[in-house]
Amino acid sequence: MENEKNHIIPYRTFLFVLAGLITLTLTSAVVTQISLGTFTVAIALIIATIKSSLVLRVFMHLKFESRMFSLAVIAVVLLIATVIIITLLDYLYR
Amino acid sequence: MIYQKDTAEPSYLDYKGKYKGIFSWIFSTDHKRIALLYMFSILTFFAIGATLGLLMKFELIAPGRTIMSAQAYNAFFTLHGIIMIFAVVIPGLPAVFGNFLLPIMIGAKDVAFPRINLLSWYLYVTGVSLVVISQFTGQGPPDTGWTFYAPYSFRTAGNMLPAVFGAFVLGFSSILTGLNFLVTIHRMRAPGMTWLKMPLFPWTLYATGWVQLLATPIIGITLLMIVAERTLHIGFFDPTLGGDPLLYQHLFWTYSHPAVYIMILPAMGAISEIITTYSHKAIFGYKFMIASVLAIAFVGYFIWGHHMFTSGMSGTALYTFSLLTFIVAVPSAIKVFNWIATMHQGSIDLQTPFYWAMAFLFVFMIGGFSGLILGSLAANVHLHNTHFVVAHFHFIVFGGTGFAFFGAMHYWYPKITGRMYDTRWANIGLVLFFIGFITLYGPMFYLGFKGMPRRYYDYDEVFHAGNIVSTMGSWVLYSGLVIIVINLFASLKSKIKAPSDPWGGKTLEWTIPSPPPVENFEEIPTVTKGPYNYS
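If you're matching them up, the sequences are chains W and F in order.
Take the first sequence: its letter number 6 is residue 6 in this note's numbering, and every next letter is one higher.
Take the second sequence: its letter number 233 is residue 1233 in this note's numbering, and every next letter is one higher.
Since the hints were made in silico from the structure, they are not lab data.
All C-beta atoms, glycine included, are put in the ideal place defined by N, C-alpha and C.
Be a bit skeptical, because a hint or two may be false.
A short list of chain W residues far from chain F (calculated; beta carbon distances all over 12 Å) [unchecked claim]:
1) I9
2) P10
3) Q33
4) L36
5) A44
6) S52
7) K63
8) T82
Per label pair, the in silico range of CB-to-CB distance [as the list claims (entries may be wrong)]:
9) I50/W x S1069/F: 56 to 64 Å
10) I85/W x L1241/F: 52 to 60 Å
11) H7/W x I1234/F: 39 to 47 Å
12) I85/W x K1493/F: 53 to 61 Å
13) S1311/F x P10/W: 35 to 43 Å
14) F1023/F x L92/W: 55 to 63 Å
15) S1311/F x V55/W: 35 to 43 Å
16) I80/W x A1062/F: 47 to 55 Å
17) I85/W x G1235/F: 19 to 27 Å
18) I1234/F x P10/W: 37 to 45 Å
19) G1235/F x A44/W: 14 to 22 Å
Working from the sequences, and respecting the hints, build out all of it.
This is the structure we're talking about:
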């Protein structure tokens, strides 16, 4: 089965990803110092999304799995996003 | 010992494993034994919940104090709600019949993760125990209702934390069961059983599994937020701490409305199996039935706000939730039409489970239509928090899930126990149950329409007549329930052994002996035909 193969990722890749995650964390901390108004939350969420994508794809091996698993993850993210958007229909228009 | 005709292997009831006596049950990883563990636990809690309900109805037989104080009444309806929702109807069909039948119906020997399956049961028992402990410890039982609404839930002197934590643990049990079923269906279907050859009951468990997996964590985190607010005074929901009480309602119902579909979807699956078997005819619109199951699970995720129409949401949110609520009625109606079309020109065999299915259709439709009334914004303002709502959700949740549960119980009883039950007593119990049900909950529509609020132990004289009828209905319903349960237990000693296919069913569970052998199939079957091949 394709999904049951062992994938050996070189340490170098892990270190690169780790460095990327740390950099993004620092970036999100620095961004809070700048006054961006309503975009503050959006930028924090964008950075968090990039970080979680890295973790999912590399550390959790999603890039090696069949497309079905990626689609499942994307579908779940879209579902939660829709729930949040519907909730905002209350908060933004109250 | 019941040995099977066509196999030397003993049935799962007689299998001698590593442990003996009760340990052979509570340490068993066999999906069939775990299903029975759930069944006995759920029936026990159901008996407790039903008795609480009976006492509450007795309190309401006359205005003023009858048998309990107002505070006791608050505690009773809270415990009744928590037990019935979290410990009975949510796990009811998936944990009992799903566990027992899912692997068999898809041609597998067990679920994908048998040990996690047993762990789910332990979590379930732990969760319910915590809820029960909360009644007898601390500063008195919780009195918030099963919804734990903020901000009252962190201000009441009632012993909230164990109850909330118990519901949290029960959520984990539900998540693990859902995960187990999803993996089982994806990975363990018999050769040849493509998605479109899978029976409808496993299909409903599949949709339910996704809801359990994706919706339950939301209530878990919400309940933890209550704990954080009560203990650490972090302002999530309390306005004095900077929180928003409506946020709690959003989060609570984002889970708890899909939870209605955790209850009702497997019920619909069981009803589909029953109707097609006793009509001796393939289910009408098989693919539409699957599509409607998935549509209900999907759309059901986005309509939680109809529980909050009078809470102060924005107008945009109100219109959106009302529209989505009406949309979810469409796939539900498709199912009802297809069930009726299945019976049309069928060769109907009038057996007890079929009667249950008919009773289900009747009460489910009343529950569904009254839901549309509540989904209308203007009507909801009048009816919100009245007995009309109590009637509606009992028609859906108790009428839908409860009737399907007992229908499934009578349908699969011969398979599970290897014995036939006494049909006459089963039918007498059903008739009493049905009459009691209508008499108990029917007047609540009227009472609610006239303005009687829910969750009050006292009421105005004008509501007296309706409450007398309703209370008398509870006695009839309870009598029917007692007859049904006694009959099923007494039939365990029946001399009439069940054949492998007593009803003429076509799905895989009817191809193996009753009761099933430990590993279900001597040889994993190869499926070549659709699930309802009556041609």
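Evaluated hints:
Against the 12 Å criterion, I9/W stays outside the reach of chain F, whose nearest CB is about 25 Å from its own CB. Non-interface status of P10/W relative to chain F is upheld: no Cβ of that chain comes within 12 Å, the nearest being about 31 Å off. Annotated as non-interface, Q33/W keeps its C-beta farther than 12 Å from every C-beta of chain F; the closest such distance is 23 Å. Taking the minimum C-beta to C-beta distance to chain F, about 22 Å, the non-interface status of L36/W holds against the 12 Å cut.
At roughly 19 Å, the least C-beta separation between A44/W and chain F is larger than 12 Å, which holds for a residue marked as non-interface. Even its closest Cβ contact with chain F, about 16 Å, leaves S52/W beyond 12 Å, as expected for a residue assigned away from the interface. Residue-level check passed: K63/W sits 20 Å from the nearest beta carbon of chain F, beyond 12 Å. Annotated as non-interface, T82/W brings its C-beta within 12 Å of a C-beta of chain F; the closest such distance is 7 Å.
Range check, I50/W to S1069/F: about 58 Å between beta-carbon atoms, so the 56 to 64 Å window is met. Separated by about 27 Å at the C-beta atoms, I85/W and L1241/F break the suggested range of 52 to 60 Å. For the pair H7/W and I1234/F, the beta carbons lie near 41 Å from each other, so the given range of 39 to 47 Å is met. Range check, I85/W to K1493/F: about 58 Å between beta-carbon atoms, so the 53 to 61 Å window is met.
The given range of 35 to 43 Å is broken by S1311/F and P10/W, whose C-beta atoms sit roughly 54 Å from each other. In this structure the supplied range 55 to 63 Å holds for F1023/F paired with L92/W, their Cβ-Cβ distance being about 57 Å. A beta carbon spacing of about 37 Å between S1311/F and V55/W agrees with the range 35 to 43 Å that was offered as a hint. At roughly 49 Å, the beta-carbon separation of I80/W and A1062/F lies within the given 47 to 55 Å, and the hint holds.
A C-beta distance of roughly 24 Å is found between I85/W and G1235/F, which places it inside the suggested range of 19 to 27 Å. Restraint check, I1234/F to P10/W: a C-beta distance of roughly 43 Å satisfies the suggested window 37 to 45 Å. About 20 Å separates the C-beta atoms of G1235/F and A44/W, a value consistent with the hinted range of 14 to 22 Å.
Taken one by one, the earlier hints fail for this structure at numbers 8, 10, 13, listed in ascending order.
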